[in-house]
Amino acid sequence: MCTIGNSFCSPYGVNSNVVFKQCDLVDKTEFIQPQVNVSLDNIRYVAFTRYKGETTPAWAGVNEFGVSFVAADSYLKKNNDKLIEAPKNDASVFDMYLDIITKYKCAKDAVQNACDFYQHAHYAEELTDILLIADKDESYFIETLNGEVRIVKRTNGHFVSTNHCRMFYDAAPYSQNHSTYLRLQRAENLLMKRDDNTGIGDLLRDSYYGKTVWSICRYASVNDQDVKPVAGPDEDMFYTQASVIFTVIPTKGERPQVICEYVLNNNAAQTEGTVWLPFDGGISKQAYIGKNENIPLITTIA
Numbered sequence: 001m002c003t004i005g006n007s008f009c010s011p012y013g014v015n016s017n018v019v020f021k022q023c024d025l026v027d028k029t030e031f032i033q034p035q036v037n038v039s040l041d042n043i044r045y046v047a048f049t050r051y052k053g054e055t056t057p058a059w060a061g062v063n064e065f066g067v068s069f070v071a072a073d074s075y076l077k078k079n080n081d082k083l084i085e086a087p088k089n090d091a092s093v094f095d096m097y098l099d100i101i102t103k104y105k106c107a108k109d110a111v112q113n114a115c116d117f118y119q120h121a122h123y124a125e126e127l128t129d130i131l132l133i134a135d136k137d138e139s140y141f142i143e144t145l146n147g148e149v150r151i152v153k154r155t156n157g158h159f160v161s162t163n164h165c166r167m168f169y170d171a172a173p174y175s176q177n178h179s180t181y182l183r184l185q186r187a188e189n190l191l192m193k194r195d196d197n198t199g200i201g202d203l204l205r206d207s208y209y210g211k212t213v214w215s216i217c218r219y220a221s222v223n224d225q226d227v228k229p230v231a232g233p234d235e236d237m238f239y240t241q242a243s244v245i246f247t248v249i250p251t252k253g254e255r256p257q258v259i260c261e262y263v264l265n266n267n268a269a270q271t272e273g274t275v276w277l278p279f280d281g282g283i284s285k286q287a288y289i290g291k292n293e294n295i296p297l298i299t300t301i302a
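Numbered according to this note's numbering, the sequence shown spans residues 1 to 302.
Derived by calculation from the structure, the hints in this document are not laboratory data. For glycine and all other residues, C-beta sits at the position ideal for the given N, C-alpha and C. Treat each hint with caution, since some may be false.
Subject to a maximum C-alpha distance of 30 Å in a straight line, what follows is the list of computed DSS-like cross-link-like pairs (lysine-lysine) [claimed, not checked]: (1) K153 / K103; (2) K105 / K252; (3) K252 / K291; (4) K252 / K108; (5) K193 / K153; (6) K28 / K153; (7) K78 / K193; (8) K28 / K211; (9) K193 / K291; (10) K28 / K78.
Between beta-carbon pairs, the in silico distance windows are [what the hints assert, rightly or not]: (11) L40 / R150: 28 to 34 Å; (12) R150 / V14: 29 to 35 Å; (13) Y169 / L40: 36 to 42 Å; (14) D27 / D109: 32 to 38 Å; (15) C115 / E188: 22 to 28 Å.
All chains should be built: construct the whole structure from the sequences, respecting the hints.
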């Protein structure tokens with residue numbers, strides 16, 4: 001259960017694309033420190049992975065051309081016995097995610113590949129998913145259900161999603177999942193007030209509904225004995241275990257500047273994270289993520 005989105009904002013007066021994800025899980029999971037790799041197509045990329053059995057599925061990622069992805073599970077009506085959520089135990093959906101950052105230099109081409117997968121995967125009729133693919137100029141919000149794909153393309157403003165489809169009519173209703181609706185409303189309200197990097201950081205740290213499953217930033221436990229984490233009767237007790245922000249700034253050259261900010265194995269409210277320029281010398285520092293001062297000025301901005 002996650003919160004994902006992007007915002008076109010203007011650090012240093014240059015229209016840039018900022019993509020983010022809050023990664024929430026029920027079971028404690030080991031998130032792995034990212035590193036720069038080179039794909040078979042000679043593209044440098046960073047895949048954010050976690051240890052799950054013997055696999056390390058990529059839950060977010062970005063490459064040196066600024067192509068990035070974040071994804072979220074899609075929950076459906078409980079009276080629909082066939083489709084409750086994407087069967088992501090099948091590694092092929094994660095392979096498709098990885099293709100986005102290892103094979104493509106623009107979001108549009110990566111979107112076409114994702115659509116082909118959703119329509120023709122061997123379990124396409126049992127798959128529902130929510131995915132955002134972006135580069136420095138464009139953002140594509142994608143929902144899929146039963147082999148059908150619907151897309152919203154954006155080149156300005158902001159967009160955010162939680163865990164229910166809005167372009168299909170089989171989403172879990174509010175009566176079955178308060179959290180996805182309350183988090184979406186709260187996230188949209190926060191971005192309406194401020195949608196730059198600092199606004200996104202505020203969103204990732206927000207616990208408007210307390211330390212419960214209904215807040216964007218959620219906790220595994222609460223020290224105050226009078227306050228306990230709360231889940232609804234039909235909702236599992238998810239808690240935030242990682243957060244990531246990709247800021248992609250256009251430059252005079254072919255490649256943009258890519259800034260990765262992340263917190264792993266904790267939430268962004270409780271601990272400092274890492275601010276990292278993976279494709280520009282690997283410069284990094286420890287800081288609270290999602291703050292405008294984390295965006296370094298470079299002289300190659302157009």
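Hint check results:
About 21 Å separates the Cα atoms of K153 and K103, which keeps this hinted pair within 30 Å; it holds. Note on K105 and K252: the hinted pairing holds, with a Cα-Cα distance of about 16 Å set against a maximum of 30 Å. The suggested pairing of K252 with K291 holds, with an alpha-carbon distance near 24 Å, which does not exceed 30 Å. At most 30 Å may separate the alpha-carbon atoms for a hinted pair to count; K252 and K108 meet this at roughly 21 Å.
This hinted pair checks out: K193 and K153 have alpha carbons roughly 22 Å apart, not beyond 30 Å. At roughly 34 Å between alpha-carbon atoms, K28 and K153 are farther apart than 30 Å, so this suggested pair is violated. Restraint check: the Cα-Cα separation between K78 and K193 comes to about 34 Å, which exceeds 30 Å; the hinted pair is violated. A distance of roughly 17 Å separates the Cα atoms of K28 and K211; the hinted pair therefore holds under the 30 Å criterion.
Between K193 and K291 the alpha-carbon distance is near 15 Å, which keeps this suggested pair within the 30 Å criterion. At roughly 25 Å between alpha-carbon atoms, K28 and K78 fall within 30 Å of each other, so this suggested pair holds. Evaluation of the 28 to 34 Å hint for L40 and R150 yields a pass: the beta carbon distance comes to about 31 Å. In this structure the supplied range 29 to 35 Å holds for R150 paired with V14, their Cβ-Cβ distance being about 31 Å.
A hinted range of 36 to 42 Å for the beta carbons of Y169 and L40 is consistent with their spacing of about 40 Å. Range check, D27 to D109: Cβ separation about 35 Å, and the 32 to 38 Å hint holds. At about 26 Å, the beta-carbon gap between C115 and E188 stays in the expected band of 22 to 28 Å.
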